[in-house]
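Top line first, the protein sequences correspond to chains U and Y.
For the first sequence, this note's numbering begins at 1 and goes up steadily by one.
For the second sequence, this note's numbering begins at 1 and goes up steadily by one.
Hint data in this document are derived by calculation from the structure and do not stem from the laboratory.
Fair warning: there could be bad hints in the mix.
To be verified - Beta-carbon label-pair distances, calculated as ranges: (1) U/4 x Y/4: 20 to 28 Å; (2) U/416 x Y/54: 51 to 59 Å; (3) U/419 x Y/56: 37 to 45 Å.
Source: prediction; values computed, not measured.
Ideal placement from N, C-alpha and C gives every residue a C-beta, glycine not left out.
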Amino acid sequence: MLVHPEEILETIQMIKAENLDIRTVTMGINLRGCCHNDIDVLNERIYEKITSYAKNLVRTTEEIQNLYGIPIINKRIAVTPIAIVAESCDTDDYVSIAKTLDRAAEDVGIDFIGGFTALVHKGATPGDIKLINSLPQALASTKKVCSSINVATTKAGINMDAVAMMGKIIKKTAEATKDDDGIGCAKLVVFANAPEDNPFMAGAFHGIGEPDCVINVGVSGPGVVNSTIRELKDPDLGEISEAIKKTAFKITRMGEMVGREVSRRLNVEFGVVDLSLAPTPEIGDSVAAILEAMGLQNCGTHGTTAALALLNDAVKKGGSMASSYVGGLSGAFIPVSEDAGMIHAVEIGALSLEKLEAMTSVCSVGLDMIAIPGDTTASTISAIIADEMAIGMINKKTTAVRLIPAPGKKVGDNVEYGGLLGRAPVMAVSEFSSEEFIGRGGRIPAPIQALTN
Amino acid sequence: MTSTRFIITVIGIDKIGIVANITKVMADFNVNIVDISQTIMEDLFTMIMLAGVKDEKFDLKAFQKAMSDEGEKLGVEVRVQHEDAFRFMHRI
Numbered sequence: 001m002l003v004h005p006e007e008i009l010e011t012i013q014m015i016k017a018e019n020l021d022i023r024t025v026t027m028g029i030n031l032r033g034c035c036h037n038d039i040d041v042l043n044e045r046i047y048e049k050i051t052s053y054a055k056n057l058v059r060t061t062e063e064i065q066n067l068y069g070i071p072i073i074n075k076r077i078a079v080t081p082i083a084i085v086a087e088s089c090d091t092d093d094y095v096s097i098a099k100t101l102d103r104a105a106e107d108v109g110i111d112f113i114g115g116f117t118a119l120v121h122k123g124a125t126p127g128d129i130k131l132i133n134s135l136p137q138a139l140a141s142t143k144k145v146c147s148s149i150n151v152a153t154t155k156a157g158i159n160m161d162a163v164a165m166m167g168k169i170i171k172k173t174a175e176a177t178k179d180d181d182g183i184g185c186a187k188l189v190v191f192a193n194a195p196e197d198n199p200f201m202a203g204a205f206h207g208i209g210e211p212d213c214v215i216n217v218g219v220s221g222p223g224v225v226n227s228t229i230r231e232l233k234d235p236d237l238g239e240i241s242e243a244i245k246k247t248a249f250k251i252t253r254m255g256e257m258v259g260r261e262v263s264r265r266l267n268v269e270f271g272v273v274d275l276s277l278a279p280t281p282e283i284g285d286s287v288a289a290i291l292e293a294m295g296l297q298n299c300g301t302h303g304t305t306a307a308l309a310l311l312n313d314a315v316k317k318g319g320s321m322a323s324s325y326v327g328g329l330s331g332a333f334i335p336v337s338e339d340a341g342m343i344h345a346v347e348i349g350a351l352s353l354e355k356l357e358a359m360t361s362v363c364s365v366g367l368d369m370i371a372i373p374g375d376t377t378a379s380t381i382s383a384i385i386a387d388e389m390a391i392g393m394i395n396k397k398t399t400a401v402r403l404i405p406a407p408g409k410k411v412g413d414n415v416e417y418g419g420l421l422g423r424a425p426v427m428a429v430s431e432f433s434s435e436e437f438i439g440r441g442g443r444i445p446a447p448i449q450a451l452t453n
Numbered sequence: 001m002t003s004t005r006f007i008i009t010v011i012g013i014d015k016i017g018i019v020a021n022i023t024k025v026m027a028d029f030n031v032n033i034v035d036i037s038q039t040i041m042e043d044l045f046t047m048i049m050l051a052g053v054k055d056e057k058f059d060l061k062a063f064q065k066a067m068s069d070e071g072e073k074l075g076v077e078v079r080v081q082h083e084d085a086f087r088f089m090h091r092i
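Can you make the complete structure from the sequences, with help from the hints?
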């Protein structure tokens, strides 16, 4: 037999017992050709384009899932930032576009559609402002639409006016979805250095340097890495790193294979594999559990940042050899609500917001799916965003903030979303004010790291 | 696709008739056994087959369903997966 029986059983064990899956197949669709000054025509064109390009996406993905016997959890679509597509419309309100995206997503049977997006890292155009102001209503009146706002890059610095604005918008979005614990905020992410080919939500959009249509794949597998480390007998950290690299290689190969076959069958260009460790609320399928397997009593204690740095780097090294095109976010995600180990660490007091912030300097994204008290002020939310953006800007990496100021909730309460979004314990924020700092506005200049030419 | 070969794995508690009944379903679907290995690992019956399919109109979904239904009757877990799923992961 070409493949050794032990290897066959290893693969089956990964899928069956350790939650190995392809987390998402995301189709990127360019909507720039849809522009029109009449918003009704624009909406019609957007609907037509999405439903014609993606009509076979779900069926094809399911065929491949059956062929290889590997679960493909999500089918998603990312579109050109809507602020660009809608800029020429004679209207002030983009909510109808969000509804069109939602309807198209529903009709082609996908899970989420991303790209209700504006890129404002250096300044905002009238279209960007309209999109941002439409967010609370857009996210409250749709189910599948995800939004991202890029407010900082290493090359441009941080647009602090946009940061101040987003604090207020996040509050309003929570308020507009208060009957569902502010779930609108779970579909809204604020970025520094947003990647243009990320297949993961809520931050996926189809970047302006991308082709007309593209398939990007996001792999997962914290459960597999967790088991691999736990099977090692008294390893030193170098051996742990080596084991993670090998596992990341295998996981990514699956993503590469699936991505290529989906692209081939749909006759669409293959973009990238995003080799991320994306946890789920399943026990053991947890990034926190991996860090604890390295010897930390609980995720969040001293040493956590070092352990996460080792993990994130080993995942990249293993994965980058397994795929011809690696992109997106690629690394370890540390969302709180989606990771049973993170939730536990918060509940027993081992993990704080401050520690999470430190961890984001070495993980692949940022402060993700964190519930904070409903009465947190807009300026405090903006200040949390500003800190996170600064980490991204200086370290030339993507960082993001997805915070939920849960209406009516205080520290110790829980918000419950179910499914992949999971459950989040409300975490404490600083009680001291950042009001005056945020109120100053303006732009934090690009750092010296930007001057590379 | 580089081949139409499938890896079939049958895992469960050992009993009489597993091989006979599983291969009967394969014969019904015109699926040829290229290679076969069977052991008892940690008290579990483990059979791995490399199977080949020539028919272009082969209905994978129906075959997978028939195999897992048969497995259910026998109290074993049956998986039919394209060979590439394993080749890609373990071979460069």
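Status of each hint after checking the structure:
no. : hint                     : result
1   : U/4 x Y/4: 20 to 28 Å    : 21 Å, holds
2   : U/416 x Y/54: 51 to 59 Å : 52 Å, holds
3   : U/419 x Y/56: 37 to 45 Å : 39 Å, holds
The structure shown violates none of the earlier numbered hints.
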